[in-house]
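Produce the complete structure using the sequences and hints provided.
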Amino acid sequence: MKVAVCVKEVPDPAAPRKIDASTLRLDRSGEGALNPWDLPAVEAALRLVEEHGGEVVCVSVAPERAAATQRKALAMGADRAVLVADEAIAGSDLVATSRVLAEALRREGADLVLFGQQGADSDGAVLWAAVADRLRLPLMSQAAGLEVSGGTARVKRQTEHGYEVIEAPLPCVVAVSDAINEPRYPSLKGIMGAKKKPQETLSLADLGLDAGGVGEAGSGTAVYALGPPPPRGDSLVVEDDGQAAERILEFLVERKLA
Amino acid sequence: MDFRLTEEQEAIREAVGEVCARFPDEYWRAVDARGDYPGEFVTALTESGWLAVLIPEEYGGAGLGLVEAGIVLEEINRSGGNGGACHAQMYTMGTVLRHGSDEQKRRYLPEIAEGRLRLQAFAVTEPTTGSDTTQLATRAERRGDGYVVNGQKVFISRAEHSDLMLLLARTTPLEQVESRSHGLSVFLVDLREADGAIEIRPLEVMMNHHTCELFMNDLELPADSLIGEEGLGLRYILDGMNAERILIASEAIGDGRWFVERGSRYASEREVFGRPIGANQGVQFPLAQAYAQVEAASLVRFQAATMFDAGEPCGPQANMAKLLASQASWNAANACMTAHGGYGFACEYDVERKFREAKLLEIAPVSNNLVLAYIGQRVLKMPRSY
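First to last, the sequence lines map onto chains Z and X. Residue numbers in the first sequence follow the working numbering, run continuously in steps of one, and reach 258 at the last position. Residue numbers in the second sequence follow the working numbering, run continuously in steps of one, and reach 1386 at the last position.
A couple of the hints might just be wrong.
Some chain Z residues well away from chain X (every beta-carbon gap over 10 Å; in silico) [stated by the list, open to error]: (1) G162; (2) G220; (3) P228; (4) L236; (5) V237; (6) E250; (7) L252; (8) K256.
Distance windows between CB atoms, simulated [what the hints assert, rightly or not]: (9) X/E1007 with Z/E147: 31 to 39 Å; (10) X/P1276 with Z/P229: 20 to 28 Å; (11) Z/D234 with X/D1002: 49 to 57 Å; (12) Z/G227 with X/G1274: 27 to 35 Å; (13) Z/S149 with X/A1021: 33 to 41 Å; (14) Z/A15 with X/R1356: 25 to 33 Å.
Since the hints were made in silico from the structure, they are not lab data. Here a beta-carbon is modelled for each residue, glycine too, at the ideal position from N, C-alpha and C.
See the structure below:
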């Protein structure tokens, strides 16, 4: 089977996020990293292909330098990578990005499309839904378990009240939660082999897309303001003089939190 | 000159860092307090292939060089861990690789690469013989098809955590050899089959290093445990020392980076007299100085590693890298400890643990005084000073 995993380059999640005041976009000039939420999706894809045979292809929409970040997924064991890089894409919102990503996925024609739950930078958590809609494919999200047999994908879906077990015929789109597995470390051999794996870079024209449908022009939303979160306000330090538990309880009750 | 790491080397550093991130300060603190061997950490490194960096691809390793091996060890120590637990699994096999027979290489190297066999003990030092290796007293006598070994070794690290051990022993008495450097031979000893003939006694030292005393009493070795030619063992050992020095330098550099990072972070956060203590030059400058020294040592280390990997003689560079890196790390240790004040002594800050570990690298695997003697005599052509 062919499994496509959508992976995203995000700014180093350990570093504080910076905003580019001129474009009102996240400053992505620093070191890029593979979105941590995507690692369980890559792992899930690798396990499926180890079980059923086939190939894992990573698909990204990002500037060209993200090819290096994609190599991390290749180092984990993915077979090849496709990157749609085109200057016109800069500034795309979720709607415009989904247009490009869906087209790249249509070209792949994978049996299964996997996503991580969200991007660690913008935390949208809807791109998979938009892509599934454009591809007119069934969608299962919050997958904490995933099995494929006989042309059907079965998902154990995490919800607030427990688990749902649902199925969809292949091809379909699945967004996995980070509870699904423990992603493997890239091994030394994986890193050594990653550079030899095929990596393809596509432009909008290669996908038959028009620049008018992407970037700010193709976006359904516009950003008017973007700023750092407000300070958290005063903190209260409770010294334990034997009454600490009661005082904490009072504090919580006062705010209707307990 | 390009001083940057390649993308692949960066990926190695990052991937090792990810493994290390799963073994945080608390892990190393607990292992240290109990005197345990960090088995889980070593297993994680082995499973990802990080200890097989130097083994050629035909034997199941990565076939990379000392630059990459150094990056691995530096990252382990930079993250707060201790590469001393496993560095020897990386390079002890070098003696087998360079001087062993094809049969020995085929038999052992793939198993070492997979981590199924641990070859991370190397028995050279004796209670009465340290740096002057020609005076070794452990005897290996020819008997029938094999050898019988009697003698005592000390400071043999990880002997309890190794399946195989390299042993340097005298096969020809010193008074019968043509040259002082002849008459010693290297053996590959299977510790699992040495029941009763080798007594291993752990030696308590100031840090968690799993070093031991060995007592060999009529240890019988088959003829095929000899590595290379009989009598040329000292040459084989000296051959591997440059690699060891470069790798130890890399660990010291990792330690140095850890001390500078923790020291400068603490100095920026800790407030006394209404401002961070790092605002005082007396606290700030030693850390800045240490940083510069670590960076400089790192460059000499990479120079030495690059020369080694290119097959060029690199004795001076390897020795200088070890000297400068261990000094830089120790200075950084002191700056970090001083910046932490009393808290530096509290185990939960991890400074005292790393401090104890860092001191070792000025002494082992070769004393810095002997490195200076080497530079004075061999590089500067001054008279022998010892």
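Hints and how they fare:
1. G162: 30 Å, holds
2. G220: Non-interface label stands for Z/G220: nearest chain X Cβ at 36 Å, farther than 10 Å.
3. P228: It holds; Z/P228 is separated from chain X by about 20 Å at its closest Cβ, greater than 10 Å.
4. L236: Per Cβ check, Z/L236 is outside 10 Å of chain X; nearest 20 Å; holds.
5. V237: 15 Å, holds
6. E250: 30 Å, holds
7. L252: Nearest chain X Cβ is 29 Å from Z/L252, so the label holds.
8. K256: 35 Å, holds
9. X/E1007 with Z/E147: 31 to 39 Å: The hint (31 to 39 Å, Cβ to Cβ) holds, given that X/E1007 and Z/E147 are roughly 36 Å apart.
10. X/P1276 with Z/P229: 20 to 28 Å: Roughly 24 Å apart at Cβ, these two residues keep to the hinted range, so it holds.
11. Z/D234 with X/D1002: 49 to 57 Å: Given range 49 to 57 Å: holds, Cβ gap about 51 Å.
12. Z/G227 with X/G1274: 27 to 35 Å: Holds - the Cβ-Cβ distance for Z/G227 and X/G1274, about 31 Å, lies within 27 to 35 Å.
13. Z/S149 with X/A1021: 33 to 41 Å: Between Z/S149 and X/A1021, where Cβ atoms are some 35 Å apart, the hint holds.
14. Z/A15 with X/R1356: 25 to 33 Å: Holds - the Cβ-Cβ distance for Z/A15 and X/R1356, about 32 Å, lies within 25 to 33 Å.
The structure meets every hint from the earlier list without exception.
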